[in-house]
Amino acid sequence: MNSTAIYIIVTALTANLIRILPPLFIRGQIKSRFLRSFLYYIPYVTLAIMTFPAITQATESPLPGLLALVTGIIAAWRGLGLFPVSVICCIVVFLCEWFVS
Amino acid sequence: MHSNFTKGLRDGIPIALGYYAVAFSLGIIAKRTGFSAIEGFVSSTFMRASAGEYGLYTVVAASATFVEAVAMSAVTNLRYILMSAALTQKFAEGTSLLKRLLVSLCITDEIFGISIAFPGRLAPSYTFGAAIITTLCWASGTASGIIAGGALPANIVAALSVALYGMFIAIIIPAAKKDRYVLAAVIVSFVLSGLCSIAPYISEWSVGTRTIVLTIIVSAVAAIVKPIEEKEEDCHE
Chain H
1 MNSTAIYIIV TALTANLIRI LPPLFIRGQI KSRFLRSFLY YIPYVTLAIM TFPAITQATE
61 SPLPGLLALV TGIIAAWRGL GLFPVSVICC IVVFLCEWFV S
Chain W
1001 MHSNFTKGLR DGIPIALGYY AVAFSLGIIA KRTGFSAIEG FVSSTFMRAS AGEYGLYTVV
1061 AASATFVEAV AMSAVTNLRY ILMSAALTQK FAEGTSLLKR LLVSLCITDE IFGISIAFPG
1121 RLAPSYTFGA AIITTLCWAS GTASGIIAGG ALPANIVAAL SVALYGMFIA IIIPAAKKDR
1181 YVLAAVIVSF VLSGLCSIAP YISEWSVGTR TIVLTIIVSA VAAIVKPIEE KEEDCHE
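Read top to bottom, the protein sequences are chains H and W. With the working numbering, letter number 92 in the first sequence gets 92, and the count goes up by one each step, no holes. All you need for the working numbering is the position in the second sequence, starting with 1, plus 1000.
Just chain W, with the same shape it has in the complex (with noise of 0.2 angstroms):
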C-alpha cells in the first residue's frame, strides 16, 4: 500500500516537471484575463485540465453566459469519460465505491496513461500518489506564471514542453512493440491525426473535440478489426 503510493509520486516527478511547465505557460494567458495567483491556483487545483482551462479564462473574458461555461467544460473535458470507463476495467473486484470515485477524479492525460500502464489490477494508491505530487506543480506552476510572467527564458520552456509528449511515448512504444495491432492502431492515429488538423472545416474543431471523435473512431475500427482474445487480455491485465 504505502510502496504503492511512492511509486505513484516518484513516477508522478516527470509529469509534475512538465506540469510546471505547462501551467506556467498557461499563468501567463491567465493573467491576460485578469485573474489572480490564488485564483489561477483554485482553479488549477480543482479543474486539473489544460484544454479546459484555457476554455475558463476564455468564457470569464468574454463574460459568456454559465450555460456556455459549462458547455465549453464539458466539450473539453470529454475526453475524460472514455479514460475513466477504461480504467473501470482495471479495478481489481474488491476496491470500494469510494476509491474508484477517487481514482477517476484525479484523471488528467498523464495520470491515466501511467495509471492504465501499472502493471496488473491498478492500486488506487499509486494513482494518489502521482496526482498529488502533480496536482501540486500544476496549481503552483499557473499561479507562478500569473505572478512572474514572462521571466523563465523561452528555450527551457520549449524544452520542458515535450516532457508531456515524451510520456506518452513511453507508455504507447512498449504496448507497440507487444501488440502489432495497437502499433497498426497508433500508426494510424498519428496519420490521421496529423491529416485532421490540417483538413479543411475538421482543422477547424477545437483540439478536444477532434480527440474524441479519432479516438471513438480509431478504437472501434481496431476493436472490430481484431477483437482481444481472452488469452490476449490476460496478460496485459
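For reference, chain H alone in the conformation it holds in the complex (with noise of 0.2 angstroms):
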C-alpha cells in the first residue's frame, strides 16, 4: 500500500469518527433549554458564516457574487425553493462574466 493510500485512510477515519461522536452519545431529547436554543440557532448562523463572504470569493471578483447572494436572498424572500433559488444564483453569475468578458 502506498503512501497516499495510507494518508487517504486517516483522514477519511477521522472525518467520519468526528460526524457519528454526536449520536452515539446523544439519544433523546436534549432536557436544557440553553443547549436546545443553542442547537436551533446553529443551522442558520454556520450556514450564514459559510456563505458570507465566500460566495464574493467563489467568483474572479467579488461583485458577480454580491449580486447572486442579493438576488438569491430576494428570491428566497419570495418564496422559492432549494433549486430556483441556486439557478437564479448561477445565472446572475454567469451573465455578469459575460457581460464582462
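Don't take every hint at face value.
Counterexamples of contact, computed for chain W against chain H with all Cβ distances above 12 angstroms [what the hints assert, rightly or not]:
#1 THR1006
#2 ILE1028
#3 ALA1148
Derived lysine-lysine pairs resembling PhoX-like cross-links, with alpha carbons at most 25 angstroms apart [unchecked claim]:
#4 W:LYS1090 <-> W:LYS1226
#5 W:LYS1090 <-> W:LYS1007
#6 W:LYS1090 <-> H:LYS31
#7 W:LYS1007 <-> W:LYS1178
#8 W:LYS1178 <-> W:LYS1226
#9 W:LYS1177 <-> W:LYS1090
#10 W:LYS1099 <-> H:LYS31
#11 W:LYS1090 <-> W:LYS1178
#12 H:LYS31 <-> W:LYS1226
What the hints contain is simulated information worked out from the structure, not anything from laboratory work. Where a beta carbon is used, it is the ideal one built from N, C-alpha and C, also for glycine.
Since each chain sits alone in its own frame, please combine them into the complex, following the hints.
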C-alpha cells in the first residue's frame, strides 16, 4: 500500500469519526433549554457564516458573487425553493462574467 | 419511505450539480499533488468534505506525518460535530441507532442543510437519497477534474460554483422570515463573518476554524438573548 492510500484512510477515518460521535452520545431530546436553543440557532448561523463572504470569493471578482447573494435573498424571501434560487444565483454570475468578457 | 428517498434524490440534484463543479476544481488541485483519478474518486467518496480534502492534498504534498494528517482532518471537519449534534434533535423518538449513525455519516454542509429543513421529524431515507446522488457527483467530479483538467470554460465553472451558496440562502431565508431572532442572528453572522475575513490575525485562521468559532459564539449569544419557547419549538419541529 502506498503512502497516499494511508493518508486517505487516516483523514477519512477522522472525518467520519467526527460525524458519528454526537449520535453515539446524544440519544433522546436534550433537556437543557440553553442547549436546545443553541442547537436551534446553529444551522442558520453556520450556513450564513459559510455563505458570506465565501460567495464573493467563489467568483473572479467580488461583485458577481455579491449580486448573486442579493438576488438569491430576494428570490428566497419571495418563497422560491432550493433549486430555483440556486439556478438564479448561477445565472446572475454567468451573465455578469459574460458582460465583462 | 420510498417517496422520501425519491424526494431526497430530487432535492439532491441542485446540490449534486454544484458539487460536480466544486469537485472538478478540487480535482485540478489533486492532480498537481499527484493523485490518480481512482485515488481522487475514492478519497472524495469517503471524505465528502471540500476543506478536508483540500487539506488532504496539502498534507500529501508536504509528506506530513500521519498525526498531522489526523489533526488537519479534525480541524477542517470539526463543524460536523455541531451539525451532527443539531441533527440528533431532529430524529423521531423510535429511529434506530444504525439509522442515526448512517445519517450522521451522510453529513456535509449541504446535506445537513436540507435535512434540517425537512418538515417535521427527519426521515432517514430522505437524507440517504440526497447523499447517494450528491456523493456520486462529488466523487466523479473530482475524478473528472483530475482527468480533464482545465477543459471546462472558466465562466461555466464560476457560475456553477455559486449554486451551493444559492442553496444555503434558500435554507436560511424562510426561517429568518418566520422568526425575527433568526433573522437578527443571520445578519450578525454575515457581518461578523465578513469582518473576520479581513480582520488582522483572525483572517489568518483557516476558514474552517473561523466558521467553528463564529458559529459557537453567535449561536450561544442568540440562545442566551432569545431562548426558544416550547411553543416555537413545536412549530419548527
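- [ ] Sort out whether LYS1178 of chain W lies within 25 angstroms of LYS1090 of chain W, counting only the CA atoms.
- [x] OK: LYS1090 of chain W and LYS1178 of chain W at ~19 angstroms, within 25 angstroms.
Task: Interface exclusion of THR1006 of chain W relative to chain H, criterion Cβ beyond 12 angstroms - done: holds (15 angstroms)
Open item on the list: Holds or violated: LYS1178 of chain W and LYS1226 of chain W, Cα atoms, limit 25 angstroms.
Closed with: holds (15 angstroms)
Open item on the list: Just want to verify: ILE1028 of chain W was marked as not at the interface with chain H; is every Cβ pair farther apart than 12 angstroms?
Closed with: Label holds. Min Cβ-Cβ 15 angstroms, cutoff 12 angstroms.
- [ ] With a cut-off of 25 angstroms on the C-alpha distance, tell me whether LYS1099 of chain W and LYS31 of chain H pass.
- [x] Measuring from Cα to Cα gives roughly 23 angstroms; hence the hint holds.
Task: 25 angstroms limit on alpha-carbon distance, applied to hinted pair LYS1090 of chain W and LYS31 of chain H - done: holds (14 angstroms)
Open item on the list: Against the 25 angstroms threshold, does the CA-CA distance of LYS1007 of chain W and LYS1178 of chain W hold or violate the hint?
Closed with: holds (24 angstroms)
Open item on the list: Need the status of pair LYS31 of chain H, LYS1226 of chain W: alpha-carbon distance at most 25 angstroms?
Closed with: Since the Cα atoms of LYS31 of chain H and LYS1226 of chain W sit roughly 17 angstroms apart, the hinted pair holds (cutoff 25 angstroms).
TODO: Measuring Cβ to Cβ, find out whether ALA1148 of chain W lies farther than 12 angstroms from everything in chain H.
DONE: Since the minimum Cβ distance to chain H is about 20 angstroms, ALA1148 of chain W lies beyond 12 angstroms and the statement holds.
TODO: Assess, step by step, whether the Cα of LYS1177 of chain W is no farther than 25 angstroms from the Cα of LYS1090 of chain W, and give holds or violated.
DONE: Measuring from Cα to Cα gives roughly 21 angstroms; hence the hint holds.
Open item on the list: With the threshold set at 25 angstroms, check whether the alpha-carbon distance from LYS1090 of chain W to LYS1007 of chain W stays at or below it.
Closed with: Roughly 18 angstroms between the alpha carbons, so the hint for LYS1090 of chain W and LYS1007 of chain W holds.
TODO: Assess, step by step, whether the Cα of LYS1090 of chain W is no farther than 25 angstroms from the Cα of LYS1226 of chain W, and give holds or violated.
DONE: Holds - the C-alpha atoms of LYS1226 of chain W and LYS1090 of chain W are around 20 angstroms apart, at most 25 angstroms.
Hint compliance for this structure: every hint is met.
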